[in-house]
Amino acid sequence: MTATAAPARLTVGIVKFASCDGCQLSLLDLEDELLDVVRKFDIVEFPEASTSRSPGPYDVLLVEGAISTEDQRREITELRSKAKTLVTIGACASYGGIQALRNWMDHDAVRAAVYAHPEYIDSLATATPVREHVKVDAELHGCPINQDQLRELLASVALGRRPQIREEAVCLDCKRRGNVCVLVASGMPCLGPVTQSGCGALCPTFGRGCYGCFGPKELANARSLADSFLVGREPADVGRLFAGFTAYAEPFRSIVTEMGGIRMDPTGPASARPARGGNA
Amino acid sequence: MHGTTGIEAPGGPRPGIDHDFNVAYITRVEGEGSLRLRVRDGGVVEARLSIFEAPRYFESLVVGRTPDEVIDIVSRICGICPVAYQMSAVHGFEHLFGVEVDPQVRALRRLLYCGEWIQSHALHIYLLHAPDFLGYPSAIAMAADHKAVVARGLAIKKVGNQILSTLGGRAIHPISVRVGGFSKVPRRDALDDLRRALDDAVAGAEETVRMVAGFDVPDYHREPKLVSLVHPTEYPYNHGRIKSSDGVDLPVDRWDDAFEEIHVEGTNALQARTHDGGVYLLGPAARMTLSPGSLHPMAAEALTRTGLADVIRTNIYWSIAARAIELLHACAEARDLIDGYRRPAEPKVAWTARPGRAAWATEAPRGLLFHRYEVDDRGFVSAAQIVPPTSQNQAAIESDLAGFAPSVLDLPHEEATLRLEQLIRSYDPCISCATHFLDLRVERST
Numbered sequence: 001m002t003a004t005a006a007p008a009r010l011t012v013g014i015v016k017f018a019s020c021d022g023c024q025l026s027l028l029d030l031e032d033e034l035l036d037v038v039r040k041f042d043i044v045e046f047p048e049a050s051t052s053r054s055p056g057p058y059d060v061l062l063v064e065g066a067i068s069t070e071d072q073r074r075e076i077t078e079l080r081s082k083a084k085t086l087v088t089i090g091a092c093a094s095y096g097g098i099q100a101l102r103n104w105m106d107h108d109a110v111r112a113a114v115y116a117h118p119e120y121i122d123s124l125a126t127a128t129p130v131r132e133h134v135k136v137d138a139e140l141h142g143c144p145i146n147q148d149q150l151r152e153l154l155a156s157v158a159l160g161r162r163p164q165i166r167e168e169a170v171c172l173d174c175k176r177r178g179n180v181c182v183l184v185a186s187g188m189p190c191l192g193p194v195t196q197s198g199c200g201a202l203c204p205t206f207g208r209g210c211y212g213c214f215g216p217k218e219l220a221n222a223r224s225l226a227d228s229f230l231v232g233r234e235p236a237d238v239g240r241l242f243a244g245f246t247a248y249a250e251p252f253r254s255i256v257t258e259m260g261g262i263r264m265d266p267t268g269p270a271s272a273r274p275a276r277g278g279n280a
Numbered sequence: 281m282h283g284t285t286g287i288e289a290p291g292g293p294r295p296g297i298d299h300d301f302n303v304a305y306i307t308r309v310e311g312e313g314s315l316r317l318r319v320r321d322g323g324v325v326e327a328r329l330s331i332f333e334a335p336r337y338f339e340s341l342v343v344g345r346t347p348d349e350v351i352d353i354v355s356r357i358c359g360i361c362p363v364a365y366q367m368s369a370v371h372g373f374e375h376l377f378g379v380e381v382d383p384q385v386r387a388l389r390r391l392l393y394c395g396e397w398i399q400s401h402a403l404h405i406y407l408l409h410a411p412d413f414l415g416y417p418s419a420i421a422m423a424a425d426h427k428a429v430v431a432r433g434l435a436i437k438k439v440g441n442q443i444l445s446t447l448g449g450r451a452i453h454p455i456s457v458r459v460g461g462f463s464k465v466p467r468r469d470a471l472d473d474l475r476r477a478l479d480d481a482v483a484g485a486e487e488t489v490r491m492v493a494g495f496d497v498p499d500y501h502r503e504p505k506l507v508s509l510v511h512p513t514e515y516p517y518n519h520g521r522i523k524s525s526d527g528v529d530l531p532v533d534r535w536d537d538a539f540e541e542i543h544v545e546g547t548n549a550l551q552a553r554t555h556d557g558g559v560y561l562l563g564p565a566a567r568m569t570l571s572p573g574s575l576h577p578m579a580a581e582a583l584t585r586t587g588l589a590d591v592i593r594t595n596i597y598w599s600i601a602a603r604a605i606e607l608l609h610a611c612a613e614a615r616d617l618i619d620g621y622r623r624p625a626e627p628k629v630a631w632t633a634r635p636g637r638a639a640w641a642t643e644a645p646r647g648l649l650f651h652r653y654e655v656d657d658r659g660f661v662s663a664a665q666i667v668p669p670t671s672q673n674q675a676a677i678e679s680d681l682a683g684f685a686p687s688v689l690d691l692p693h694e695e696a697t698l699r700l701e702q703l704i705r706s707y708d709p710c711i712s713c714a715t716h717f718l719d720l721r722v723e724r725s726t
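First to last, the sequence lines map onto chains A and B.
For the first sequence, the working numbering begins at 1 and goes up steadily by one.
For the second sequence, the working numbering begins at 281 and goes up steadily by one.
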């Protein structure tokens, strides 16, 4: 025993539901810092990375993925009861993710399109964010999450304070980086004005319009932006711009619905113009 | 189930004669799956890799979307191999639309794929698989005794991620791949830091090969049918023909001429087989065996030094060595690609959609990944089929579980179960990818 015993490390669990594993991979992608970070915590449950398991309780539980099956609905409730602090990591857990597009679709038709025996599939009609099922203490956004925000989250958890994550639009990062505005200069539809930053304005920096990975910025006037996109475009074309990885987050959700929802029938009047791209 | 070891005591079977092995949650793989193996009277009566990863319905989610939107969407099938999904899709669309990309764009896509192989192989070798051979539950636990080993793995993996970030903006779900090329291509001098980092990665990969070649692996051999892309001069990534060890030879867009997804009786699994029901193996061992002459000279030399070329083909436990050789190949080739890079005049060429079948296969880190899209006359996808490598390997995994099980029956139950779980990890299964078609029967311990 040393005279100054180190404080007990917080026990951490990392679990997943419907998702691609990319956000928990972001933790392993800390690379240079990974071994230092894991020394600060006692990671007791992380099945993607460890055969050692723990049924809880957990001081902190990081949850990836959307709730999309009956089992997952039961399990998130049980996990919540074992976790002092529950944090969602990424667009799936925080907003439903790309699989939430099925919330606009006929679930039976979707299942039948993919599986020979859809009746055997344990699957809810919707894929929904964790906060629709249990209390969530903090959310990290992004598809995938941002590593700086993950570091801040871990630091704040270790210190017992609230994470300090800047809430601002992608446009501000574009200004900081000195990007030429793709929306104004090139007429590309870009969700940057109404999307939370966190990516560092990645898409505009790479010559593309933002497609909303980090979800709507608080109080964003997305409707006004959608209306401006309607000039020269069909409603379905505008709907698809918002029907991405955070489509189920309001106000994007209402815009997708108003623009006609998600079409499983591509023969419908989706667009007046053939698809094309490149420098044409 | 989260939080359970999933290792159950044998219940119903007769002691000493019958054996049941159940792993309710296979750890250190990507995604959620379980193993069930039943032995009666010394014979394996059931060997099942079940998947309870939730279905996400990607083939339906891409219907009604444009080709460039599809590239963004299918990336999200897998956080470990998003580039593979982007590559099979973009090549399929360009093939249908008659798009010829700039040779330097072609080289950059190969470099991007090298980045994915480096991070994925380093992740699997060091963080998921090596703990099996060195006797630890995780790389984090392993780092307490082998810090330099884990640090080397993380350093190599970081270089792979740097390639992805430099070309694609970020390591997970990069954003620059577009039909016709890239939304932006780097200047040559933007690759200087990478070029230097790759010198260390090449040295680290050589050390990796030496390390894994010394591992002690179970002596289990079979002669699987192997399938991969084969290219006359290149180690297979984005181009080549679909070939097998027993004479299949097809254009890259005609996977379905020889293979199909079938409904396995008694489950609702769709597994890929040959048309006559044959089981086959994809991945590093298949690629290395079918394309021995196109490995980078450094990787070919390292393979010769290990003397493992034959057992890599016949013993799946040696897949870690195959992955290490490919890690070295990807690091060395990435360096060469940067040395030969000249920035193209335009990042992408113009294109117009045409209706028809957009199909292509590329080599994901885990093996051949086939995509087929039907495109309507306005350029929207009207149907999709995505056949990930793990779905194609699933039958081979189950066949190997049945073949390997008799050799572990005399071991203590828990150790035998772990050996079987290690066999599954040897395939580097990517279960999130495979979910659209694997057995989704839920089988969990409580």
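Honestly, I wouldn't trust all of these hints.
[As the list claims (entries may be wrong)] For each label pair, taking beta carbons as the anchor points, the in silico distance ranges come out as: (1) Arg386(B) / Gly232(A): 52 to 62 angstroms; (2) Asp472(B) / Glu33(A): 20 to 30 angstroms; (3) Asp108(A) / Glu487(B): 47 to 57 angstroms; (4) Ser445(B) / Glu258(A): 48 to 58 angstroms.
[What the hints assert, rightly or not] Per the computed footprint, the stretches of chain A lying under chain B, defined by three or more beta-carbons under 8 angstroms from a beta-carbon of chain B, are: (5) 13 to 20; (6) 133 to 142; (7) 157 to 170; (8) 184 to 190; (9) 237 to 249.
Hint data in this document are derived by calculation from the structure and do not stem from the laboratory.
Keep in mind the model is a prediction, meaning the values are calculated, not measured.
No residue lacks a Cβ here, since even glycine has one placed at the ideal position from N, Cα and C.
For each hint given before, does the structure comply? Return the numbers of the non-compliant ones in rising order. Failing hints, ascending: 1, 4, 6, 7, 8.
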